[in-house]
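2 protein chains.
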Amino acid sequence: MSAAAAKPILYSYFRSSCSWRVRIALALKGISYDLVPVNLIKDGGQQFSAEFKALNPMQQVPALKIDGITLSQSLAIINYLEETHPNPRLLPQDPKKRAQVRMIADHIVSGIQPLQNLSVLKQMGEKKMEWAQNCIASGFQALEQILQHTAGRYCVGDEVSMADLCLAPQVANAERFKVDMGPYPTITRINKALLELEAFKISHPSRQPDTPAELRA
Amino acid sequence: MSAAAAKPILYSYFRSSCSWRVRIALALKGISYDLVPVNLIKDGGQQFSAEFKALNPMQQVPALKIDGITLSQSLAIINYLEETHPNPRLLPQDPKKRAQVRMIADHIVSGIQPLQNLSVLKQMGEKKMEWAQNCIASGFQALEQILQHTAGRYCVGDEVSMADLCLAPQVANAERFKVDMGPYPTITRINKALLELEAFKISHPSRQPDTPAELRA
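Chains A and B supply the protein sequences, listed in that same order. Heads up, the final residue of the first sequence is numbered 217 in full-length UniProt numbering, and it's a clean run with no missing numbers. Heads up, the final residue of the second sequence is numbered 217 in full-length UniProt numbering, and it's a clean run with no missing numbers.
The set of hints was computed from the structure by calculation and includes no laboratory data.
Put simply, identical chains are the same to the list, so a pair is met inside one copy or across any two.
In silico DSSO-like links for lysine-lysine, alpha-carbon gap of 27 Å or less:
#1 Lys7 with Lys96
#2 Lys53 with Lys96
#3 Lys29 with Lys192
#4 Lys128 with Lys42
Please build the complete structure, drawing on both the sequences and the hints.
Put into structure tokens, the structure is as follows:
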């Protein structure tokens, strides 16, 4: 296999917060990749095509073709990248701090995002916006309290971790759903610090190949 | 601190699938612990008490007090146990197989369980049962396909892994919501093999201190 053929391929949608998590990890670790856009809206959702289903039975983005396998689930992908490309690390060395990172990441990935996912919102009809706002607000209340114990400049101390890769995309969703961020000063402060980092900038939804012109930064 | 005081405390609800995941991990690793039942139904939900909120701002079970910290989120807890009590291991050595384990675990933990969680179902009114069935069936369709590539005796090869700790509790939920398991022969076969293991038996919802008499095995 040639070097070019071995380049990882990321299946991504510009506005998918789960895809953005993986784009940040790839950027931080300096892994170059080809991006294949999967439009979750167009044609009733391109993730439902037979072609994409063969690639990822979960019919979701992100999916990453790498090292001869295809992975899905953003945190599983990020953990694989962490183990195969350990620098810079996205988990602290201390087991207790690692546990805090994972607790925050899982709270976002399992406790907030799935409830305001496109596939759920579709079934909510006109209650869509209110549903999404309630899910995010309730999750952020808990997160704000936890971060008051764990945060330094970022979610856990002063090193960017997997928790931060989940935080910034979730805040972007909150803004999209017009959640009042007033009650969450710690979340807001950390998010601001993260958005100053180059890896978060180049992976941002406003700067993807599939970002529509009117949403481009 | 005395040895007795240092014993981990698990906050658990007999029927919570997320609590069961952690109970299996503790049993497999031979970690002895005290169990504090948190009844998610009684008194409007004991997880919402001020006392429990101070312990876990996410107001969910499981939570584990261990080594001077309190952890929540089942997979974060299981990963911490894996790092501090590595035997028997719950992740394979090969990074690609580890990624498969994590992909399956995350698919259940983020892609299926949150959508049929008590807090979501409460808001579904009379559509509750149908909603839960659809979420689980749709998740199991993808899972069945994935397992056809990864499974041996268990979810990934022949070693019990974190994926299996998520599988058995999710199948128990499926049964509770009367999901037709006919289309999922691989899931059914693996679940049966898991339920034969002592660690899965003693941690089973039918054998907990807070299991109501009429549901006891």
